[in-house]
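Sequences listed follow chains A and C, in order.
Just so it is clear: in the first sequence, position 169 is 178 by the numbering used here, and no numbers are missing.
Just so it is clear: in the second sequence, position 365 is 377 by the numbering used here, and no numbers are missing.
These are calculated hints, taken from the structure and not from any lab test.
Fair warning: there could be bad hints in the mix.
Listed below are the simulated DSBU-like cross-link pairs for lysine-lysine, each with C-alpha atoms no more than 35 Å apart in a straight line [unchecked claim]:
| id | chain 1 | residue 1 | chain 2 | residue 2 |
| --- | --- | --- | --- | --- |
| 1 | C | K251 | C | K521 |
| 2 | A | K44 | C | K279 |
| 3 | C | K521 | A | K83 |
| 4 | C | K279 | C | K251 |
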Amino acid sequence: MTLRNMAKIALVSLGMAVAGCTNNPSDQVVLTAVKDIADGRNPPAQPSEAELQQQLRQAMASTDGPLGLVRFEKPGTVAIIRVVETNGPYRTWGSWGLSERRSLTTRNGFVTATRGLGRDLMSSDIAGSLALVSARRAGQATRTQRYVDGNNQTYAVTATCTITNRGAAGGNLTLMQERCVADDQEFTNAYKVTDSGVITESSQWLGDYFGKTVLQRLR
Amino acid sequence: MSHVIRRLSRLTAVAILVAPSGAMADNLTTARTNNYGTPGKLVDMPTAEMAPDGQFSTTVTHFEGFTKSTLTFQILPWMSGSFRYSATDDLTPNFSTFYDRSFDLRFRLFKEGPYRPAVALGLQDFIGTGVLGGEYIVASKSVGDRLTVTGGLGWGRLGSFNSLGSTGTRDTFQPGDTGGDLRTESWFRGDLAAFAGLSYDVTDKLTFSAEYSSDGYDQEEAAGIFDHESPWNFGLDYKINESFALSAFSLHGSEFGARLTLSFNPKDAPAPGGLEEAPLPVRARPESAAADLDWALNDTRKARVGESVERTLASSDLEVEGLRLEAHTAHVRLRNPKYDATAQALGRTLRGLTRTLPDSVETLRVTLVSNGIPTSTVTFDRGDLERLENRAAADALAAAEFDDALTFADLPAPLPGKYPRVSWSVGPYLRTSFFDPDNPLRGEAGLRFKGEYMVAPGLLASGSVSVKAFGNLDDLTRTSNSSIPRVRSEVANYLATEEPVIDNLTLAKYARLGRNVYGRVTAGYLETMYAGVSGEVLWKPVDSRFALGVEANYVEPRDFDQLFGLRSRDTPGGTIPQFNGHVSAYYDLGRGFHTQLDAGRYLAGDWGATLSLDREFANGWEVGAFVTRTDVSSEDFGEGSFDKGIRLTIPLSWFLGKPTKDSLTTSIRPLTRDGGQRVFVKDRLYDVVRGQHQPEIAKSWGKFWR
């Protein structure tokens, strides 16, 4: 039994003390969770590849704005995303066609934050890597990724990264690789960059929880 | 590529295991426990091992006729405390099963070095009746990465077999003793003996242990319930997963037994960072163009902005109670009914404001309201929010300004329609009593109706009615023999009723008496046993870790049926006085520790003081101990000598991974008697105010942008 499952069982028993019927938001959170567990509700099924293509066509037709596709390897989720807000060089993306509030923030194709995905990446300092990757230049840079731990404390994973140019990747694209070493972690990111320095596709490590995150810019 | 990385990380893992320093740190920190439930990998004997900081473990050990249940908490990396409840069949002629409660403390004096062992000192059953009492000094050393060897000297129980000598004399366990006092004069006194043992991790999950025990089980042998045939004990311990371990052991050549350990760490939440939905992002204003100011002069436009603020925050379950809009400043009076991390409520409120306020507004103020009264005001420069959204959370904390809400003469007044406000809930309840002298676990379940009616800001009518469905909480056979006013010991009469009871029904007024000063008056049926009036004043500056309070109460005991009637204050032990009260000092010591000192007059008219010390985790877990000494003598107090206990607060948000202010609090007292008892009053000021002040908010600031 994992800690997660234990927590669920404990919660059902503990939740009995507060669950029931209420108009108080704090109690409602508990009540809903207890009901979800009691119902054994699982996350909604992911769309098949055909369904995804269908949704993509719909999304492209329905908006002129930027669109992207994101896949998280470990949770095994995929989503079509659209820009919901822009702050300076940062873009925050939300799922297209879904009312769920989950988001992803990028800076020219580098994912700098996630929200509502579980074990969220809270913020990142990636200016050094970004400068090298978008200039398609090899070199060394430091990147920092911040998370919140189980005790609400911020912790940072600071990695030293080596950026290398892996050559042409078709069309006007260059494949750039970023190999990073942190204290107890190693990860590799890869980016396809246009001649003008725009990242169109990437595979990035946002934390062990996500596995590899593949981000594709559709428009 | 990835398989190369995987291989590399495996190599790193191997390197860490092989490196001596890494091995040491791992080997002498363990989530396993021994038969006494204290951290360590031996069977009955202690070691110098410690659990990871903050670790909780519950251990149940059983062999024929003997059961021990122990709750252990790693208070600091070098200190652990345990509370144990043991049941022994036929130990004394007085009881068929002898139930005993005991406390242990262990201190690591030295950490392990490359050649030096870790050394720990332990006090076992140091304030109980002493049946398990013993002290020890023990050294443990890891050899390689799988073997740990331990040797030590024990006194008391741990000095009872093959004694090497003796250091002074020791009081022996007397059945029927009231116990409860520190037996300092007996510590490290009497016969001493040596013990030793080793544990070997056969695999990552399986550990074998062997020990030479210095416990002669003398009392148990004398009672004819144990055969001590050999000093050797052997154990096999299997780690089922991160939380559970199961062990089997042989004891002194005559007994076989089993042990189950459940352990977890409050710092490791099931879902770190939370699973709740994403916040709304900051809306950054365009850099160009002078902002339009006309909106502030136009009441219709202003009202529309107000509605939009209210609606946007409501989508995050945050309630705008009041709003003052000016051309360059917006001030929100905010009620946060949901987010246990106040920083998160602030972060969501401020981002909501950036999305709804006209561009000319530069200064954002949020006044937090608790029980209807304004507590603190947090001020942000809107440009800072735009600039810091994608930076470390600490930068935003540095940019925030915290003030007492009364600093602002123009606090927004409550909007029409916000008061009166009703909130209610209906649900099952569970009430438990642990470790009663006659029954280790009693409880009852039923249905409870709770209602709150906030008549006006700070004026709160509230009540709770419950109906018992089933349970054995009232299954109390002991009658009170207290020789002081029976302020708590008539609990059996209160639990006996099968009819619906009024848990509490009060009218409370909360108020700001001045800068840094808060006031409360609560009148009505305060708790299940007392009705009356309670008044309190608290001094607590917004950025202070220190607070002072005064409380005075007038009480009358309630009828046993817990309806509207009162009963006579005369009890067989004396008359319950009408007045009691305390002066309280609160101090947040930092590093997760909090202390409180209450001095004054208790319910039975006894004078004294209560000292409590809690370890508080930012995520809401709290573990603490309290002790009360009053002028009631040990003889008059009865079994236990004075009031003491441990308490635990469990935040439900930790389990859920979603924000909620709901939590469960429980106290475990070895015994509840009549000395050192206070009246329970709901929502005392410190609890109402503290969470909205800078030091508490800052602790969970990691959730500001979440």
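Violations among the numbered hints, reported as their numbers in ascending order: 1, 3
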